[in-house]
Every structure is written in structure tokens, then in C-alpha cells.
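Residue strings, one per chain:
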Amino acid sequence: MKPEQLTAWALNELTAEERAQVEAALAASPQAQASAHEVKAFCDLLNEELGQDESSLCADQREHLRGLVPAQPVTALRSIGSARMRSLRSAGAASSDWKQGWWVRVAAMAACALMVGVVIYRATPTKEVEVAEASEPMSPTLDAEDVRVSAGMTLPKATPSPSKTLEPKRESPALTQNVVPEAKSLPVPDPVERADGTMIAAVPSPSAVKTSVQIAPGNTVLPETGFIETSRLPVAVVNMTVNPISLSEVQRVLASSQLKGLRVRAADLINSFAYSYEPPHADEAQPIHVSATTVTAPWESTHQLIRVAMQARLGADEVVARDVRLEVVFDPTQVRAYRMLGVEPLATAGAESEPQGVEMKAGQSYTALFEVVPAREALPKDQVLADGAASSQPQMRALPRTPSTAGFEKNASNETPLMRVRMQFQKPDSAFAEVVELLGTPKVGMLETADADFQFAAALAGMGWLMAAPEGRGPLSWSQVKQWVARGEGGRAERAALLKVLEAIPSPKQP
Amino acid sequence: MTSDGHQLFHEALDRYERPLIRYALNLVGQLDDARDVVQDVFVKLSQCLGTVDRERLAPWLFTVCRNRATDHLRKHHRVVVMENETLDLEEADVARPGAELEHRETRTVIRRLLTQLPAKQREAIRLKFLAGLSYQEISDSMKTSVGNVGYLIHHGIQALREQWLSLENNPQAKSQPALANLF
Numbered sequence: 041m042k043p044e045q046l047t048a049w050a051l052n053e054l055t056a057e058e059r060a061q062v063e064a065a066l067a068a069s070p071q072a073q074a075s076a077h078e079v080k081a082f083c084d085l086l087n088e089e090l091g092q093d094e095s096s097l098c099a100d101q102r103e104h105l106r107g108l109v110p111a112q113p114v115t116a117l118r119s120i121g122s123a124r125m126r127s128l129r130s131a132g133a134a135s136s137d138w139k140q141g142w143w144v145r146v147a148a149m150a151a152c153a154l155m156v157g158v159v160i161y162r163a164t165p166t167k168e169v170e171v172a173e174a175s176e177p178m179s180p181t182l183d184a185e186d187v188r189v190s191a192g193m194t195l196p197k198a199t200p201s202p203s204k205t206l207e208p209k210r211e212s213p214a215l216t217q218n219v220v221p222e223a224k225s226l227p228v229p230d231p232v233e234r235a236d237g238t239m240i241a242a243v244p245s246p247s248a249v250k251t252s253v254q255i256a257p258g259n260t261v262l263p264e265t266g267f268i269e270t271s272r273l274p275v276a277v278v279n280m281t282v283n284p285i286s287l288s289e290v291q292r293v294l295a296s297s298q299l300k301g302l303r304v305r306a307a308d309l310i311n312s313f314a315y316s317y318e319p320p321h322a323d324e325a326q327p328i329h330v331s332a333t334t335v336t337a338p339w340e341s342t343h344q345l346i347r348v349a350m351q352a353r354l355g356a357d358e359v360v361a362r363d364v365r366l367e368v369v370f371d372p373t374q375v376r377a378y379r380m381l382g383v384e385p386l387a388t389a390g391a392e393s394e395p396q397g398v399e400m401k402a403g404q405s406y407t408a409l410f411e412v413v414p415a416r417e418a419l420p421k422d423q424v425l426a427d428g429a430a431s432s433q434p435q436m437r438a439l440p441r442t443p444s445t446a447g448f449e450k451n452a453s454n455e456t457p458l459m460r461v462r463m464q465f466q467k468p469d470s471a472f473a474e475v476v477e478l479l480g481t482p483k484v485g486m487l488e489t490a491d492a493d494f495q496f497a498a499a500l501a502g503m504g505w506l507m508a509a510p511e512g513r514g515p516l517s518w519s520q521v522k523q524w525v526a527r528g529e530g531g532r533a534e535r536a537a538l539l540k541v542l543e544a545i546p547s548p549k550q551p
Numbered sequence: 611m612t613s614d615g616h617q618l619f620h621e622a623l624d625r626y627e628r629p630l631i632r633y634a635l636n637l638v639g640q641l642d643d644a645r646d647v648v649q650d651v652f653v654k655l656s657q658c659l660g661t662v663d664r665e666r667l668a669p670w671l672f673t674v675c676r677n678r679a680t681d682h683l684r685k686h687h688r689v690v691v692m693e694n695e696t697l698d699l700e701e702a703d704v705a706r707p708g709a710e711l712e713h714r715e716t717r718t719v720i721r722r723l724l725t726q727l728p729a730k731q732r733e734a735i736r737l738k739f740l741a742g743l744s745y746q747e748i749s750d751s752m753k754t755s756v757g758n759v760g761y762l763i764h765h766g767i768q769a770l771r772e773q774w775l776s777l778e779n780n781p782q783a784k785s786q787p788a789l790a791n792l793f
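Residue numbers (this note's numbering), protein chains in the order written: chain A, 41 to 551; chain B, 611 to 793.
A hint or two may mislead.
[As the list claims (entries may be wrong)] In silico lysine to aspartate or glutamate, EDC-like type, Cα no more than 20 Å apart, as pairs:
id, chain 1, residue 1, chain 2, residue 2
1, A, K467, A, E289
2, A, K401, A, E318
3, A, K401, A, E474
4, B, K730, B, D681
5, A, K42, B, D681
6, A, K467, A, E543
7, A, K80, B, E778
8, A, K80, A, E63
9, A, K401, A, E340
10, A, K80, B, D681
11, A, K522, A, E543
12, B, K730, A, E44
[What the hints assert, rightly or not] On the chain B side, residues computed to face chain A include the following (Cβ under 10 Å):
id, residue
13, R628
14, R721
15, G757
In case anyone wonders, no lab produced these hints; they're calculated from the structure. Glycine included, each C-beta is placed from N, C-alpha and C at the ideal position.
Between the sequences and the hints, there should be enough to build the whole structure, so can you do that?
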């Protein structure tokens, strides 16, 4: 009898036949029997000491994981909401806003004097990254390299990630990166301990694209993401990191195909300009006000265009919030699919490519645009991310729920919100993260009647469309884009400069 | 999502959550980190339900967990992990019933001894006692034969037992600080 067999016997790893043989041998040798029992006693000790630790996931982590694979996603979401309706009724400011139908307010006019200035940035060239199908098949011979978790995937965690400064309003060759100290010095509350809990869901990355469209050799404008079905991945996590783009670069892209390796990301372009969204109310404790507005998508009348706007409060030139994160949860009963406009593959694969929280300074703003397909409409053909591509996208630590977190029940006006918008931030002098949440109503207006900032941002998104697909899309045209830019110019020098660029190029060079 | 996939995912979560936490905790040393790692494992599983080989689910989960834990340690530039053991010893200073104190001390010592094993033996022992995998499942996870798994575990247990017995004869050695290179 081999010694290994004795250990296997102690661990009950033998077949019935092998076990019978070993036990017969043990019965014939008291010495072997004693040795076997010593081994078994030690194995029992190891089992007891190593295998009995009952540490587990946080309750909210587990809840969220269960939500990743719902039996019936829509029903599941609704049931969550129903269970939390009471807390919604007693919610704070965000919920109150909802009751008042607040979110169709025209975002404008707060004092944003500090944000004036022509935005001339040098975009950090980004590498073109092919979207890899990260959903590895389960092969009989498991390859450790092949079953790595998708790069960039993150989920709720007690430690803060490094923050990047969102600074689209000054000249700078690149974003300032500010590494936040380890959790011991700047801890985020452990979700387990928080009363409001954490909700995690599969998150589509804004980096998801199906293909990249070559305008000219080496001169690429990256297209929009494919649509993601809300029933599969209802939560969109916004990568708020901005690589500012200069007007001169825009001009060169429009006018020339000579440059090599230049990339234009509409989301970067949009956030390279200053906006004047509604700042936090005087009675709002948080340093950033977030709002959402929905209009009919100007390039596709059956779709809707949603703007999520964030505006930091005014004050001295100081950081008002760290580790600012934004996510949008769409209601599958209202939204069939969605995509964030003007995003591209993350520059690099790997953990460093994870969307990270950013810093916001006084007066700064941030704009995220989503195109959504209402539930009543069909999915656009050939524009939906395949299951594999969508599910393989990096995922992100979802934001904790506020006590007001609820589902998508109808409000007092008998309206069901399209979405929930959650913003997490950390005040500079605070050791704790805070979460603000609002619900977006399904009210839809027309872009032409929306505020100038929305029209201007839509124009930039439209520029992205047209640069990626010069043949145009639906009613969208360069003249339309110029019209929106003109409407949204609002006396701002940098917008006027962009308009001049567009007017100087009556027919942007087709690649 | 098919109901089969839904059932598989939820059964896997129920069955392997704690074993994965134990395994990940031994790798990364901090419970919060272990939770994050395991969470990532299940997120990954949710993405692979269409291709999952149910018969090899456990090895797959622990392979993903190991890779994810390795990535985590690399990302945080941590190769030497001792927090968990240190924490256990520190917590042991708190007044506790004698039996519990002894239990914690025993567990701490065994974990420390485990880290001193050769890498393959250590991994096989982890997968056996922390994760609760069978020899066959360990074989799949470590990509080695079942026979070799038996060899590794046998010799790993032998080494642990010898060290344990020597410590029994020299109790003061039990309280030595735990410093171990996990990789």
C-alpha cells in the first residue's frame, strides 16, 4: 500500500474498491491502522481549522450577484422596487424632486464664471483596442490564462480607487492624476455595514464598440457603442475620465486626413467645453447637482436622447468632491436598449483601464449622453451588441443605494421613470462616500426646445456621428450640426470658435 | 437567460460562496479583498453561463478565483501577505474564552505552516481543505494528474503534520510572526 493511498483513504478519496483494499490491509496491520488514524485525525484537524471559516460575501454583494442572473429580469426589478416603495415615499431631496416632476427643468444659468475659457487641449492619443470576446468557453482542459476575469471588471469594494481630476476647462496636456491614499487614510464605508446597502449589477462598459470605422488610414474616429439590451444589463456605469480635445485637433480631423493616429471621442469633445448646468441648491448638502433631461433623438425619431448633467457648486478653485462616480439604471419595461454616446474602447486593457472616479472642482460640469430605444420600439438591426460582447465588457463597482432607492413604480403623476441616476462622491474633508439618486421621468421634449447646453452637446455628439459615418444618419447632417452649435453658442468664445471651424469647412472632407 | 443558467448560477453561489471566500482569503489576506475577488468570480460566471461545463464548474471557479487573486495582488503590488495572520494574532489578545483563543491560535499556526509549503503542495492543500474540492477537481484546476494530486496532498499533509508536532513540543515557536511569500 502506497503512503498516498493512506492519505486518500483518510480523505475519503478512494473508490469503493480501493477503499476495501486499503481497509483490508489496515485490518491486517495494527501498526498501519494506528498510522492511518493519526493521519485521519490530522486531516480532520485541517478540515476543522481551514474549512470551517464561515466568512461570506456581504449581504448586498450577494444580493447583487443574484440580480446578475435573474430568472425574469423585469419582474425581478419590479419586485425590488415594490419592496422599497415605502422608503421612496420618505426619501430625501432626490425623491422629492421626482415627486415635483423636477427633472424637466431647463438646466442653465448658474454662475459658472470660473469655467470660462477656450478649451484648447491636447488630446492624449489613445490606443485602438479591439474588443475581445472575453467570455471564454469552458474547455475541458482549463487554461489559467484563458479564464481570467475580464480586465477592467470591478465591483463594490471598501477601498477607494485612485481618482482622476476632471479638468476640461483649462489648458493642460493631460489630466491630472491624483492617487488617493489607501483605504486606511480615506476609507469608503464597507457596504456591509451601511444601512443603505449596495446593489451590484452587470454593467456595460462605455468602452463597448463593435467595430472601429476608419476615416482614413491612421486617422480614426471611433463609432458609438452598440446598443445594449436593458433586460440583460440594466446598469450603465459612466467612465467619467476625460481626455480633453483641442479645437485645433477637431479642425484637423475635419479638414485633413493627413494626421496619423488621431482619435476623436465625442464624449471627450463634449466634456472639453464648459456648460452652465443648474448648481446645487442652497439647501442641498452635496457639492454636485445632477439632473437628467430627455428629448427625441434628433437623428432617429423613434429613439430618445438623454442628457445626464452634473454641476459642481461654485466657490474657490478647490476640489469639491473626490472619487465622483456616475451610473444610470434603466427600467427594462421602459427602455429596450441604450448606449452611451461618444465613447470608445478604453486605452489599455488590464486593471488600469477600469473606469475610475474623478475629482471635480468648483464650477466644473460633466455631461453624459445616452441614446435609448423605448420599450415599444424594435431593436435597431445590426446595432445591438451581441450577448458575448456585451457581457464581456468590463464591469464596475456599482454604487451603494441610498435609502430612497426604489424600483420603477409610478409616481404621483402616474408616470413610470425611465431610469435611476446615481452619483457617488466623497467630500474632500470626509472619510465617507455619499450617494445621491434621482429618478428620470419619461417626459420627452424636442431638442430644439431644450436648453442651449443640451443642443450644443447634442451637436458635438452629432459631429461624432458624422465623423464616424460621413454618409450621415437619418436626418442628421452637417448643416444640422452647425445649426445646433449656433443655437448653443450662447456667446461663449469657445463655442463661437467651434462654429467658425465648422463654417470654415462647408463640406468637411470625406474620408 | 435560460432557467438552467439561472439555476446553475444560483446553485453555484450557494454552494461555493464560502469555499471561494476561504480560498481567496488565504491568497489575498484581507477579507474585504477576498470578497471583491469572489464577487468578480461570480460576475465572470454570469458571463460564461452559456458555455459553462457543469461537470467542471468547481475547478473553473477556483481557477478564476486564483487568477483574480493573483491579479489583485499584482495590482496592489503585494506579494508578501501577512495581514490576515497578523490580524488573527492581534485579535487573539482580546479577552476571549480559552477554547476560542486556542482555536484561533491553532488556525493561525496552521495557516502559517501552510504558507511554508512548496507552492504546488500548498495549492493542493488549499484546494482540498479550504475549497473542499475532490482530487479530480483539484486535478482539473491544477492541470495535473489525479495521481499527482494525491502525491502533493500526501506530502503536504505529512510536512504540515511534522511541523505541527514539532511545534507541539515547542509551544513558544507557535507565536512567531507569520511572514510568508505566497507566490
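Taking the hints in turn, this is what the structure says about them:
no. : hint            : result
1   : A:K467 - A:E289 : violated, 35 Å
2   : A:K401 - A:E318 : holds, 15 Å
3   : A:K401 - A:E474 : holds, 17 Å
4   : B:K730 - B:D681 : holds, 19 Å
5   : A:K42 - B:D681  : violated, 38 Å
6   : A:K467 - A:E543 : violated, 43 Å
7   : A:K80 - B:E778  : holds, 18 Å
8   : A:K80 - A:E63   : holds, 13 Å
9   : A:K401 - A:E340 : violated, 35 Å
10  : A:K80 - B:D681  : violated, 35 Å
11  : A:K522 - A:E543 : holds, 8 Å
12  : B:K730 - A:E44  : holds, 16 Å
13  : R628            : holds, 5 Å
14  : R721            : holds, 7 Å
15  : G757            : holds, 8 Å
Of the numbered hints given earlier, the model fails hints 1, 5, 6, 9 and 10; all others are met.
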